[in-house]
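Student: One-letter residues, chain by chain:
2 protein chains.
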Amino acid sequence: MVVAPSTSVESLCINSIRFLAIDAINKSNSGHPGLPMGCAPMSFALWDKVLKHNPKNPKWFNRDRFVLSAGHGCMLLYALLHLSGYDSVSLEDIKQFRQWGSRTPGHPETFETAGVEVTTGPLGQGISSAVGLAIAEAHLAAKFNKPGLNLVDHYTYVLMGDGCNQEGVASEAASLAGHLGLGKLIALYDDNHITIDGNTNVSFTEDVLKRYEAYGWHVQHVADGNTDVAGIQRAIEAAKAVTDKPSLIKVTTTIGYGSPNKANTAGVHGAALGAEEAELTRKALDWSYGPFEVPQESYDHWRQAINRGGAAEAEWNTLLANYRSQYPAEAAQFERQLRGELPQGWDANLPSYSADDKGLATRQHSYNCLNAIGPSLPELIGGSADLTHSNLTDIKGEGGFQKGAEANRYLHFGVREHAMAAILNGLAYHGSGLVPYGGTFAVFAGYMVGGMRLSALSELGVIYVLTHDSIGLGEDGPTHQPIETLASLRSIPNLLVMRPGDGNETSGAYQVAVSNRHRPTALILSRQAMANQANSTAAAVAKGGYILEDSNGAPDLILIGTGTELELCTKAAAQLRADGKNVRVVSMPCVELFEEQDAAYRDSVLPAACRKRLVVEASSSFGWHKYTGFDGDSVSIDRFGASAPGPVCLEQFGFTVDNVVAKAKALG
Amino acid sequence: MVVAPSTSVESLCINSIRFLAIDAINKSNSGHPGLPMGCAPMSFALWDKVLKHNPKNPKWFNRDRFVLSAGHGCMLLYALLHLSGYDSVSLEDIKQFRQWGSRTPGHPETFETAGVEVTTGPLGQGISSAVGLAIAEAHLAAKFNKPGLNLVDHYTYVLMGDGCNQEGVASEAASLAGHLGLGKLIALYDDNHITIDGNTNVSFTEDVLKRYEAYGWHVQHVADGNTDVAGIQRAIEAAKAVTDKPSLIKVTTTIGYGSPNKANTAGVHGAALGAEEAELTRKALDWSYGPFEVPQESYDHWRQAINRGGAAEAEWNTLLANYRSQYPAEAAQFERQLRGELPQGWDANLPSYSADDKGLATRQHSYNCLNAIGPSLPELIGGSADLTHSNLTDIKGEGGFQKGAEANRYLHFGVREHAMAAILNGLAYHGSGLVPYGGTFAVFAGYMVGGMRLSALSELGVIYVLTHDSIGLGEDGPTHQPIETLASLRSIPNLLVMRPGDGNETSGAYQVAVSNRHRPTALILSRQAMANQANSTAAAVAKGGYILEDSNGAPDLILIGTGTELELCTKAAAQLRADGKNVRVVSMPCVELFEEQDAAYRDSVLPAACRKRLVVEASSSFGWHKYTGFDGDSVSIDRFGASAPGPVCLEQFGFTVDNVVAKAKALG
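Each protein sequence line maps, in turn, to chains H and C. First residue of the first sequence? That's 182 in my numbering, and the numbers climb one at a time after it. First residue of the second sequence? That's 182 in my numbering, and the numbers climb one at a time after it.
Mixed in with the good hints there might be a few duds.
Computed cross-link-like contacts, EDC-like style, restricted to lysine to aspartate or glutamate with a CA-CA straight-line distance of at most 16 Å [said to hold, decoys possible]:
#: 1; chain 1: C; residue 1: Lys807; chain 2: H; residue 2: Asp814
#: 2; chain 1: C; residue 1: Lys208; chain 2: C; residue 2: Asp538
#: 3; chain 1: C; residue 1: Lys391; chain 2: H; residue 2: Glu478
#: 4; chain 1: H; residue 1: Lys807; chain 2: C; residue 2: Asp814
One-sided and incomplete, this derived list gives chain C residues near chain H with beta-carbon spacing under 10 Å [to be verified]:
#: 5; residue: Leu357
#: 6; residue: Ile377
#: 7; residue: Arg392
#: 8; residue: Ala512
#: 9; residue: Arg520
#: 10; residue: Leu523
#: 11; residue: Pro524
#: 12; residue: Gly526
#: 13; residue: Ala529
#: 14; residue: Asn530
#: 15; residue: Pro532
#: 16; residue: Gln545
#: 17; residue: Ala626
#: 18; residue: Leu635
#: 19; residue: Leu638
#: 20; residue: Cys830
Read the hints as simulated data drawn from the structure, not as lab findings. The beta carbon of each residue, even a glycine, is placed where N, CA and C say it ideally should be.
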């Protein structure tokens, strides 16, 4: 099965990948050697002959993006980065594969290793975020490029496996990519017929190429991915020549290629070869070098990438300088975005309200915010998973991003929540200052939390616009009414969950969300209207929680409200005051930000001495005991909802002033 | 566009559907008329001419299953049930559409309305659960049917729209259905070109039939779904004739057919027509009847279903009687399953352990449990989303359910977590006593929580086997390490989240999970080993939390542990006792069950007087303050993990005996 290895430099280069992977995984006794061994030829073809990148400046803007969607094969990527001369992955780093504090973790993470474009591992996320990268490129190219000055001009390459192709998120994203005709998206599909359960014939026998063709992709097949480097290169070039469709190149390979006893088995997918089999593989591939030994000839060849990359970047810098002189305004915007700076005064038009202003739903306030900042924040780009007129995510006058209309910044994601999250991540991963947002019903966060988790882990400033946030949505009933959604989102580290309680707080939530370019935000917004509060401010939202209405001196009782229930709290407080209670109302639009305030501030809002606390939120009580302890209580809902008009649901489940007053009084 | 209506009884029957939908939605001023109006002809063709069902016994086992995957069109289903003579949907029920306490909620729910086979609304779930229904049918048929005695013999029909076809979960399920060759699964695809954002050409232009063909489905197209009832019927019959592939029939329709001003627009998707447009639609369709008025001729025709259904059931009852006499043992098993009874002694072989027994990972204990109950619980059926040898979900000697081997009960779901959840739901929805289970890594609950939520809402006894439950999994790193997963699952109503702490508790967890046939369970299991506890018992698990090691009289301090951290608690307790602390160790494998115990029991375990409590769980602290209050603490992890060997991760993040002791002492 193993073709007699040539001693040519190409074989050396390819086998250098394989043995770095084998040796690192053997040393850590943990990892996935099968993919690096099988995909070494195709990745060599791509990285050595096609990929435009500068190892000495991994963040060079106009580089091609390479996404290892099959993230478990990360030793492939670390080997490529090391061999190509990236400083982020030294030989020592490779020896520390999967060890505490290393730059070579068990799956590739953007925040650990320069040169990793997308955090992968959870299957399907890489290809889906790559669709976002390709959208970003197409959008910026359409917006900034000028005749003869292609300031934005790069490809997005993906390496994906059978696993990625089985995941629904990838199907959603691929369908949208085909619709949008993203011609600069090129995916290599490692068709090795093996997944963890064994041969793909136990569960995956569809015709993948035909499916992608149905999506509108250009498809090709390289039958011998083990040795036909030239064929792979030709296929990539052919894919580049098709400019109006994304491309999928199925490359048939042997997983664990070169291992006499483990190649083409599930056993080589996720376990070290072991010393003995590594030795046998060395013999089979005629590899006379020791562990972690890379022949100089291989380094010499691979590291031509440094000069090539430097030259490419220099050329682009010249182009940028020309661009700057001819189009100073556009260049200024472009370079500002690349610096990650928001435009001066981007938030100047965010609305503010007084208590006399008509109460609106926070989704309506959100719409007003998006439309207030849209014109002054050109990097704002987003849309909805087919709920535009429910989420109110459109910006007046803004057209849809479509094939041939890529400068438009409204994204119709279709009914594809999970892909939406991954694509929003991709827009952020692109590193070009785009401010991505996307809407769906709050309950359908459950369809995309796999992607939202990666927004949080990878520190991406994605804004999720989640409307219809409680049983208050009414008639659509329990399948559509969030109960656990807020709790489940609040439990994700590094995600800001903001549930504003009126117009001012919604403006404040947008200020926080847009300003946080390295942290995702979930805006939790109502279907139904609520009053504007007399004492709310946008600025207070940044503290997460604040005193909306204070008691006269130390409070007997604190009501803590969020979102639509803030109004219930102030109304109940008025009754309680009339009954002689010394009550404080705390608005808590963002628990996470409140927890980041210093102890003195937190205690000033929620003094330890006052243990009579009542949380009011039309959502699960789960998680609120941190603020109510054993002695407080909540007006909340810990069962699924019901189909009925919203006001009826709220009343039936106890979200009334009377019930809040009664529960408050019951605290003593 | 509207074809001149015939006065034939078929037209009356079809328009009866349309106007019940129009009138109910107008009355409630909320709902989705477009689908019922457009799909009335295809649903008439199916229900009147093909569907085998008995309106007077909605639970008759051998009925065809009809799944309205496009659940928002529920007035179609309510109209069909009412017109066909189901007692569950009276005309009065239809008038109460979407009102508090009605049997006609805003999306179809199995637990509200007899005749609803699958709870739908969240798009893609219906078609995916239908794959589970078809698997159930194929499995039981292969297992029970005898020559000339097809005891199990029904079709599963689905009506799905563009939305379902965009959802990744449906793509996953359809790919698997094609692989498995589920010939008795037939889906009608309402191709109306409209979604909420407008024409599908804004986001969805793929070739759906070609895609399904790539999955291995038989595909057909009926070009005129508005009037060609005979063509639709022919297509369904042709689909039935193809026995080795599932079938998709694309039926091109006009959404809101008959409405002069709203047909073929997104406006008719999700909003009432209004009185005026309803009147115009009456004129256009030549409908001379008042609101909620159904002509007797229509009822007379529709309700022939009652006699047909009664006769079909009687015939099957005769067959069952024959079967019973010829195959008494098989019949006894079959009828026992249909009664929802577990076999006597199904759990007799569940293992028990003493502290001297070797400590194992709970995933290994789970494997031992599955293999202990597998032989005595023939209705146990399940598998893994391509992690069989990591989740340890296989049963020794059990073959894979495959095309031509449908009697086998191991399911290779492929890397398709979300479809797995929906398919497991389908196995439960089938109502044939199957006990479905499915495994993946715990962190990938985030990929399928949309389906898990429906297990909980629809009261389905699905068992989720979620392994690799903490940073203790080690090298795979933060993308694979659950942090928020337990909290997010615990926040879902009606879901039991069980994290057993040793072998006995794992046996107890299986006893609870299998016994709960109307409540899903998530088993949270470790990759790594832990000791068996001296005082643990399987029986105690049913109480959710119990005293594992008691203090001498009232405790000064309570350590509360779960899963792998239970061992940390007992070791720390030993040190604390040596230091003179009067410490109790509480094991809390299932918070939900503990909360269902009476107050006296709960107080006996966690006395209100003892506020020095320390929770130890390698997971987010979110939600635990309910038990620790303001005065307790936790050893937990509220940030993402890291890639390193499991023991290193645990130590670095403070999961050591020393740290537990120190934190306990810090409580005073």
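Student: Identify whether the interface hint at Ala626/C stands, where standing means a beta carbon of chain H within less than 10 Å of its own.
Tutor: 9 Å, holds
Student: Given a cut of 10 Å on the nearest C-beta pair, is the interface hint for Leu357/C held or broken against chain H?
Tutor: Hint holds; Leu357/C Cβ to chain H Cβ min 7 Å, cut 10 Å.
Student: Do the alpha carbons of Lys807/H and Asp814/C lie within 16 Å of each other, as the hint requires?
Tutor: 11 Å, holds
Student: Below or equal to 16 Å on CA atoms is what counts here, so check Lys807/C against Asp814/H.
Tutor: Roughly 11 Å separates the two Cα atoms, so the pair holds.
Student: Tell me if the straight-line CA distance from Lys391/C to Glu478/H falls inside 16 Å.
Tutor: Answer violated: Lys391/C to Glu478/H is near 48 Å, above 16 Å.
Student: Does the closest beta carbon of chain H sit nearer than 10 Å to the beta carbon of Pro524/C?
Tutor: Interface hint status for Pro524/C: violated (29 Å vs cutoff 10 Å).
Student: What's the verdict on Lys208/C and Asp538/C, does the C-alpha distance respect the 16 Å limit or exceed it?
Tutor: The hint is violated at about 67 Å.
Student: Taking the least C-beta to C-beta distance, is Ile377/C closer than 10 Å to chain H?
Tutor: Status holds, d = 5 Å.
Student: Would the hint on Leu635/C stand, with a C-beta cut-off of 10 Å toward chain H?
Tutor: 8 Å, holds
Student: At a threshold of 10 Å, is the proposed contact between Leu638/C and chain H supported by beta-carbon distances?
Tutor: 5 Å, holds
Student: Would the hint on Arg392/C stand, with a C-beta cut-off of 10 Å toward chain H?
Tutor: 4 Å, holds
Student: Mind checking the CB of Arg520/C against every CB in chain H and telling me if the closest is under 10 Å?
Tutor: 27 Å, violated
When the structure is compared with the earlier hints, violations turn up for hints 2, 3, 8, 9, 10, 11, 12, 13, 14, 15 and 16 and for no others.
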